[in-house]
Amino acid sequence: MAEIKQIVMPGDLISEELGKPRNGVYKNSDGRYCSSYFGIIQKNDQGVDIVPFSGKYIPRRGDKVIGKVLEVGPSMWPVDINSTYNTLLHMNDTPWRTTSGDIKRFLGVGDYVYAKIMTLNEIKESWITLKDVGLRKLEGGHITSIPAPKVPRIIGKGGSMVNMIKDATNTRIVVGQNGLIWIDGTPEDVIEAIAAISIVEQEAHTVGLTDRMEKYLKERSVK
Amino acid sequence: MGSESNIKLLDENGMRLDGRTPEQLRPIKIETNLLERADGSAYIEWGGNKIMVAVYGPREAYPKHTQDIEKAVVKARYNMAAFSVDERKRPGPDRRSVEISKVISEALSSAIMVEQFPRAQIDVFIEVMQADAGTRIAGLTAASVAVASAGIPMRDMVVGCTAGKVEGKVVLDLSKEEDNFGQADLPIAVLSKSKKVVLIQMDGDLSMEEFEQASEMILKATDNIAEIQRNALTSRYSVENIGDGE
Numbered sequence: 001m002a003e004i005k006q007i008v009m010p011g012d013l014i015s016e017e018l019g020k021p022r023n024g025v026y027k028n029s030d031g032r033y034c035s036s037y038f039g040i041i042q043k044n045d046q047g048v049d050i051v052p053f054s055g056k057y058i059p060r061r062g063d064k065v066i067g068k069v070l071e072v073g074p075s076m077w078p079v080d081i082n083s084t085y086n087t088l089l090h091m092n093d094t095p096w097r098t099t100s101g102d103i104k105r106f107l108g109v110g111d112y113v114y115a116k117i118m119t120l121n122e123i124k125e126s127w128i129t130l131k132d133v134g135l136r137k138l139e140g141g142h143i144t145s146i147p148a149p150k151v152p153r154i155i156g157k158g159g160s161m162v163n164m165i166k167d168a169t170n171t172r173i174v175v176g177q178n179g180l181i182w183i184d185g186t187p188e189d190v191i192e193a194i195a196a197i198s199i200v201e202q203e204a205h206t207v208g209l210t211d212r213m214e215k216y217l218k219e220r221s222v223k
Numbered sequence: 001m002g003s004e005s006n007i008k009l010l011d012e013n014g015m016r017l018d019g020r021t022p023e024q025l026r027p028i029k030i031e032t033n034l035l036e037r038a039d040g041s042a043y044i045e046w047g048g049n050k051i052m053v054a055v056y057g058p059r060e061a062y063p064k065h066t067q068d069i070e071k072a073v074v075k076a077r078y079n080m081a082a083f084s085v086d087e088r089k090r091p092g093p094d095r096r097s098v099e100i101s102k103v104i105s106e107a108l109s110s111a112i113m114v115e116q117f118p119r120a121q122i123d124v125f126i127e128v129m130q131a132d133a134g135t136r137i138a139g140l141t142a143a144s145v146a147v148a149s150a151g152i153p154m155r156d157m158v159v160g161c162t163a164g165k166v167e168g169k170v171v172l173d174l175s176k177e178e179d180n181f182g183q184a185d186l187p188i189a190v191l192s193k194s195k196k197v198v199l200i201q202m203d204g205d206l207s208m209e210e211f212e213q214a215s216e217m218i219l220k221a222t223d224n225i226a227e228i229q230r231n232a233l234t235s236r237y238s239v240e241n242i243g244d245g246e
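Sequence lines, in order, name chains A and B. Quick note: the first sequence, position 108, residue 108 per our numbering, numbers continuous. Quick note: the second sequence, position 130, residue 130 per our numbering, numbers continuous.
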C-alpha cells in the first residue's frame with residue numbers, strides 16, 4: 001500500500017518562516033504562511049509548494065501548452081487552452097506565410113496546436129506563438145486531459161515518467177503545461193498510454209509512484 | 001417566528017423535541033465530488049436538510065457587463081426544489097432565495113482569492129432537495145467544501161451554524177419546529193481559522209446577553225463542523241482508497 005503526502009486545506013498553517021512566497025502559499029494577516037488550496041505539500045530545495053488536487057490552468061509566460069482552435073477570425077485564431085481565459089494566436093506568430101482573410105487554410109476550427117505563451121497582461125489576456133523549436137500544429141493522434149496541477153507528476157523528474165510511458169507503450173506523447181496531452185500511435189497503444197496516464201493522475205499524491213508505474217508497465221508489456 | 005403553539009419545545013429536563021441537549025448539533029454528513037460535469041461538488045446532510053452544491057469555474061464572466069476588471073465575481077444561486085418542504089414550494093427564484101443567494105455570494109467572496117481571476121465568474125449552484133431549518137448555513141458550509149474541491153484558491157474555509165431562542169432558552173442548531181415556533185433564529189458563518197464573520201443575520205429578538213451566549217455557542221460548534229469538512233475532503237485521498245496500480 002502506498003504512502004501518501006501530507007494533505008492540507010485552505011487556511012492551514014504551513015510554516016512561520018518561509019522566505020519568499022511560493023506556489024499556493026499566502027501570508028495571512030498575522031504574517032504567517034498558510035495554504036490557499038486543498039492539496040498536498042511538496043517540499044523541495046527551493047522551498048515548500050502546495051499542489052492542488054484539481055483546478056483550472058493559470059497561464060504563465062513561456063509555458064508550452066496544447067490548445068484547441070475555437071474560431072477562425074480575419075487575422076487571428078481564438079484558442080481554448082483549458083483555462084479560465086481563452087488565448088489568441090495571431091497569423092504573424094505562425095511559421096506560415098499568411099495573408100489576412102485567408103488563414104483557415106492553415107488552421108481550422110477544432111485543430112490542436114502545441115504553442116508557447118508569448119505575452120500575458122494584468123487582466124490575463126494572453127497571446128500564443130508557434131514560432132519556436134518543437135511548436136507546431138498537432139496532426140493526427142488523440143487528446144486526453146488531466147488537471148493542470150498534476151502535469152509535473154506526469155512529466156516526472158527530468159521527464160522520467162512520460163519517457164517511461166512512451167517507451168513502454170510505443171507511442172509519441174506531447175504534454176502541455178495546461179493539462180492537455182496529445183498521444184499518437186496505434187489505437188491499442190494509445191489506449192494503453194491513456195490507462196497509464198490516468199493511474200498517474202489518480203495516484204499523483206502518493207510517494208514512490210515512478211517505481212510502481214515501472215512495475216505496472218512491465219507487467220502490461222509481458223501480456 | 002414567534003407564532004404561539006401548544007407544542008412543548010423543551011421538556012422539564014431541558015431536553016429538546018428530538019432528544020438533543022441545548023448545545024448539541026444535529027448529525028452532519030458531507031460527501032464530495034459526486035458530480036462528473038462540475039469542477040467541484042459537495043452533498044450535505046445536516047439533520048433533515050439534504051443539499052447538493054455544484055461549482056463551475058472560474059470561467060470568463062458572461063454577460064460581459066457583469067465582468068469586474070480587478071476580480072472574479074462569485075455567483076451563487078440558492079434554489080429550493082418544489083418538493084423540499086411540506087407544502088409545495090412554487091418553483092423559481094423568490095424574494096427569500098434571491099436574498100440568500102446574495103448573502104452566500106458575499107460570504108464566499110471574502111474567502112475565495114477573487115483577485116487572482118480578473119474578468120471571471122465562479123458559479124455556485126446550491127440545490128435544496130429537502131429543507132429542515134438552517135438551509136442557508138448548511139448550503140454555505142457545503143459550498144465552501146465544493147469550492148475547495150474545485151481547486152479554487154481560498155484564504156480559509158467558510159463554516160457556519162445557527163442558534164436561536166426557544167421557550168426563553170438559547171439553543172444551538174434549530175430544528176424545523178424550533179425555527180417555526182421559537183422566538184429567535186441567528187445564523188452566523190465565519191472563516192474557520194480566523195473566526196472572522198462573513199455572514200450574520202437575525203430573525204426575532206435576542207437580548208444582548210442572549211446574543212453573546214448564542215454567538216459563543218456557534219463559534220464553538222464551528223470547530224466541530226470544520227473537522228467534518230476536513231474529513232469529507234481528505235477521505236477520498238486516504239491510503240485505503242488507493243490501489244496498487246491495478
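Derived by calculation from the structure, the hints in this document are not laboratory data. Ideal Cβ positions, reconstructed from N, Cα and C, are used throughout, including at glycine. One or more hints might be untrue.
[Stated by the list, open to error] Distance windows between CB atoms, simulated:
hint : chain 1 : residue 1 : chain 2 : residue 2 : range
1    : A       : Asp184    : B       : Val98     : 50 to 60 Å
2    : A       : Lys131    : B       : Glu31     : 45 to 55 Å
3    : A       : His90     : B       : Glu227    : 43 to 53 Å
4    : A       : Lys27     : B       : Ile69     : 17 to 27 Å
5    : B       : Leu34     : A       : Arg32     : 46 to 56 Å
6    : B       : Glu36     : A       : Asp80     : 14 to 24 Å
7    : A       : Val207    : B       : Glu167    : 52 to 62 Å
8    : A       : Lys131    : B       : Glu36     : 51 to 61 Å
9    : A       : Glu139    : B       : Glu227    : 31 to 41 Å
10   : A       : Glu125    : B       : Asp94     : 31 to 41 Å
11   : A       : Asp80     : B       : Glu167    : 53 to 63 Å
12   : B       : Leu34     : A       : Ser221    : 56 to 66 Å
13   : A       : Glu139    : B       : Pro27     : 51 to 61 Å
[What the hints assert, rightly or not] SDA-like, lysine to any residue: derived pairs with alpha carbons at most 20 Å apart:
hint : chain 1 : residue 1 : chain 2 : residue 2
14   : B       : Lys8      : B       : Gln183
15   : A       : Lys27     : B       : Lys196
16   : A       : Lys5      : B       : Gly151
17   : B       : Lys193    : A       : Glu122
18   : B       : Lys176    : B       : Ser109
query = In this structure, is the beta-carbon distance linking lysine 27 of chain A and isoleucine 69 of chain B contained in 17 to 27 Å?
reply = holds (25 Å)
inquiry  = For lysine 176 of chain B and serine 109 of chain B, compute the direct alpha-carbon distance and say whether it is at most 20 Å.
reply    = violated (29 Å)
task = Decide if the proposed pair is consistent with the structure: lysine 193 of chain B and glutamate 122 of chain A, CA atoms, cutoff 20 Å inclusive.
result = Violated, at about 31 Å.
message = The hint says 56 to 66 Å between leucine 34 of chain B and serine 221 of chain A; measuring C-beta to C-beta, is that right?
response = Roughly 36 Å apart at Cβ, these two residues miss the hinted range, so it is violated.
query = Do the beta carbons of aspartate 184 of chain A and valine 98 of chain B sit within 50 to 60 Å of each other?
reply = holds (51 Å)
query = Given a hinted range of 31 to 41 Å, is it respected by the beta-carbon distance of glutamate 139 of chain A and glutamate 227 of chain B?
reply = The hint (31 to 41 Å, Cβ to Cβ) is violated, given that glutamate 139 of chain A and glutamate 227 of chain B are roughly 52 Å apart.
ask   = Taking the CB of leucine 34 of chain B and the CB of arginine 32 of chain A, does the distance hold inside 46 to 56 Å?
value = violated (34 Å)
query = Is it true that glutamate 125 of chain A and aspartate 94 of chain B lie within 31 to 41 Å of each other by Cβ?
reply = Cβ of glutamate 125 of chain A to Cβ of aspartate 94 of chain B: about 39 Å, so the range 31 to 41 Å holds.
key: Pairwise beta carbon distance, lysine 131 of chain A to glutamate 31 of chain B, judged against the given window 45 to 55 Å   = Given range 45 to 55 Å: holds, Cβ gap about 48 Å.
key: Hinted pair lysine 5 of chain A and glycine 151 of chain B, Cα distance within 20 Å   = OK: lysine 5 of chain A and glycine 151 of chain B at ~17 Å, within 20 Å.
key: Cβ distance range 53 to 63 Å for aspartate 80 of chain A and glutamate 167 of chain B, holds or violated   = holds (59 Å)
message = Can you tell me whether the CB distance of valine 207 of chain A to glutamate 167 of chain B sits inside 52 to 62 Å?
response = This hint holds: roughly 56 Å between Cβ atoms.
Checked against the numbered hints above, the structure breaks hints 5, 8, 9, 12, 17, 18 and satisfies the rest.
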